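Trainee: So the sequence lines, in the order shown, correspond to chains A and B.
Residues in the first sequence are numbered consecutively from 119, following my numbering.
Residues in the second sequence are numbered consecutively from 115, following my numbering.
No lab work stands behind these hints, which were simulated from the structure alone.
Predicted, not measured: the structure shown is a model, and the values here were computed from it.
Built from N, CA and C at the ideal position, the CB exists for glycine as well.
One or more hints might be untrue.
Said to hold, decoys possible - Derived pair list, reagent style BS3-like, types lysine-lysine, alpha-carbon separation capped at 25 Å:
| # | chain 1 | residue 1 | chain 2 | residue 2 |
| --- | --- | --- | --- | --- |
| 1 | B | Lys197 | A | Lys187 |
| 2 | B | Lys209 | A | Lys216 |
| 3 | B | Lys250 | A | Lys225 |
| 4 | B | Lys217 | A | Lys169 |
| 5 | A | Lys180 | B | Lys251 |
| 6 | A | Lys176 | B | Lys221 |
| 7 | B | Lys217 | A | Lys216 |
| 8 | B | Lys217 | A | Lys225 |
| 9 | A | Lys187 | B | Lys250 |
| 10 | A | Lys183 | B | Lys209 |
| 11 | A | Lys165 | A | Lys211 |
| 12 | B | Lys250 | A | Lys216 |
| 13 | A | Lys211 | B | Lys197 |
| 14 | A | Lys216 | B | Lys251 |
| 15 | B | Lys250 | A | Lys183 |
| 16 | B | Lys250 | A | Lys180 |
| 17 | B | Lys209 | A | Lys158 |
Said to hold, decoys possible - Footprint (simulated), chain A over chain B, 3 or more residues, beta carbon under 8 Å:
| # | stretch |
| --- | --- |
| 18 | 155-164 |
| 19 | 170-180 |
| 20 | 196-205 |
| 21 | 214-228 |
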Amino acid sequence: MLIALFTILFLGQTSGALLGEISDVQDSVKLVMPKNDQRKAAQGILKQMEKATEGYNKQLGKSSKQLNKALADHEFDASEIDRMWSEYHETRKSFQLKMIDLRFELKEHISREEWEEIFSGS
Amino acid sequence: MNKHTKVLPLILIFASFLAGAGCAGKEKPSPADLQVQAFEDLRSEIRDVVSDAGRVEQAIAITEELENSFDRLRTHLAERSAKIQEMNADYDAPKEDYINLYKRIQKDIERNQSMISNLHRELVEVTTAEEWVSLKKLRNATMEAAVTSIQSS
Numbered sequence: 119m120l121i122a123l124f125t126i127l128f129l130g131q132t133s134g135a136l137l138g139e140i141s142d143v144q145d146s147v148k149l150v151m152p153k154n155d156q157r158k159a160a161q162g163i164l165k166q167m168e169k170a171t172e173g174y175n176k177q178l179g180k181s182s183k184q185l186n187k188a189l190a191d192h193e194f195d196a197s198e199i200d201r202m203w204s205e206y207h208e209t210r211k212s213f214q215l216k217m218i219d220l221r222f223e224l225k226e227h228i229s230r231e232e233w234e235e236i237f238s239g240s
Numbered sequence: 115m116n117k118h119t120k121v122l123p124l125i126l127i128f129a130s131f132l133a134g135a136g137c138a139g140k141e142k143p144s145p146a147d148l149q150v151q152a153f154e155d156l157r158s159e160i161r162d163v164v165s166d167a168g169r170v171e172q173a174i175a176i177t178e179e180l181e182n183s184f185d186r187l188r189t190h191l192a193e194r195s196a197k198i199q200e201m202n203a204d205y206d207a208p209k210e211d212y213i214n215l216y217k218r219i220q221k222d223i224e225r226n227q228s229m230i231s232n233l234h235r236e237l238v239e240v241t242t243a244e245e246w247v248s249l250k251k252l253r254n255a256t257m258e259a260a261v262t263s264i265q266s267s
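One chain only, chain B, in its complex shape (with noise of 0.2 Å):
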């Protein structure tokens, strides 16, 4: 059992506590089909709140970006922590490897980042300042699938 999948199933067990209260005896959906879940609630949201047809479908069209992105990290999250086991591993590996790996890393992070902030300020500006406050409940609840998602892959 690697160091990893130590850790995992206490993430697991907590998760599926949270995900598990109120609904005993119910077979459980996975952290992926709660993120898609939470992304359909926003996006139900996202036409109730929003006004503007037009606005609407630029306010969906982002979120559908985000959800892509989430996908996208936690494969590329998964690849990332794997080369980092693999030159753990290695007793030989020099220092300057992990360095360049670092480097490498640092790179995708700013990316990640930049793609968030964008998304985040696309957002902004196809909702009003009222419809915003609206979809905080939603937002911050799509954000916490995506994260447990994340989590458990």
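Next up, chain A with everything else stripped away, as it sits in the complex (with noise of 0.2 Å):
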């Protein structure tokens, strides 16, 4: 249960929302833009999404795993703690910009048009 409450607490929704969003946009990317090479390299870009998010949630596990078995000892190492949490901020940051970076990845190879169609309403 942890894990869901870090998740919702560090991306501002489940793990699982995260990854059916971008499948959601996997979707909209093959219904609007023409069987091409620029929908074949958003494809690929929108993959590395999905992979990126996939391994963060794995780390994410493990470390919502071991704050879990910290936190619920009475006699916790509050310095173990603090380590553990300085440790995970540190594997967010880099999910973040990963994730910003393939964005605008993304954007070079989408027109502005379907940009708006793809994310229409969201």
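Build the complex: two chains, separate frames, hints provided.
Mentor: As structure tokens, then:
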């Protein structure tokens, strides 16, 4: 349960929701973009986003398990918990920067009109 | 239908399925009601388990602060999510704006983490090791209810 809580705290949504959104965009790309090299490139980047999110979720799961165990102990070691948090913050920062980079790479392959259609209502 | 509203029904269906098990035919309480009830149950358990009246009062105050923090977090997350979606929809949004937004989010996250860590430490400090173990089941149930409530909002 801590895994879900941390994901909400840090990403603003559940890990399933983020993957769900990527999956929705993958579907929209198929509908909106013609079958060409640009679409193929966009799909490749979305796949990378999916993999990065899965990897991050896996890491989040590990960190949450460690934290859960440490926090459950009445005689917890505060400095050890602080170390775990700071390690986790570093993982999240690099995940966020990676996702921002990929978002801008994605844009390179999608026209303004297509972008508006893909993300309309979002 | 936006991306969130596409995903949300699945979460709600799953949460409803869990919440509905064993109570078919009855009106189901909302996730927010379940959260309120879970915190009430936890406070009731604290009154039963913690032996000293002064520490009971302190522990209750901590859970109230935690509950309020979850309520504030729910509002905050909705605003954050809306801002990210708005920026993403803008084809011309510069990368710098994204990085600045995520820096602000980073500060929020660190504040959240610090708030939760402090409340956790305070709760540990006002309970004995035995009381802490006795409260484990309800602590987990309360957290689960809070997460479900946030997911469904």
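Trainee: Look at each hint and say if it fits the structure.
Mentor: So, going through the hints one by one against the coordinates:
no. : hint                   : in the structure
1   : B:Lys197 with A:Lys187 : violated (34 Å)
2   : B:Lys209 with A:Lys216 : holds (12 Å)
3   : B:Lys250 with A:Lys225 : violated (48 Å)
4   : B:Lys217 with A:Lys169 : holds (23 Å)
5   : A:Lys180 with B:Lys251 : holds (22 Å)
6   : A:Lys176 with B:Lys221 : holds (23 Å)
7   : B:Lys217 with A:Lys216 : holds (14 Å)
8   : B:Lys217 with A:Lys225 : holds (22 Å)
9   : A:Lys187 with B:Lys250 : holds (12 Å)
10  : A:Lys183 with B:Lys209 : violated (34 Å)
11  : A:Lys165 with A:Lys211 : holds (20 Å)
12  : B:Lys250 with A:Lys216 : violated (37 Å)
13  : A:Lys211 with B:Lys197 : holds (19 Å)
14  : A:Lys216 with B:Lys251 : violated (38 Å)
15  : B:Lys250 with A:Lys183 : holds (16 Å)
16  : B:Lys250 with A:Lys180 : holds (21 Å)
17  : B:Lys209 with A:Lys158 : holds (23 Å)
18  : 155-164                : violated (count 0)
19  : 170-180                : violated (count 0)
20  : 196-205                : holds (count 5)
21  : 214-228                : holds (count 7)
Hints 1, 3, 10, 12, 14, 18 and 19 from the earlier list are contradicted by this structure; the remaining hints agree with it.
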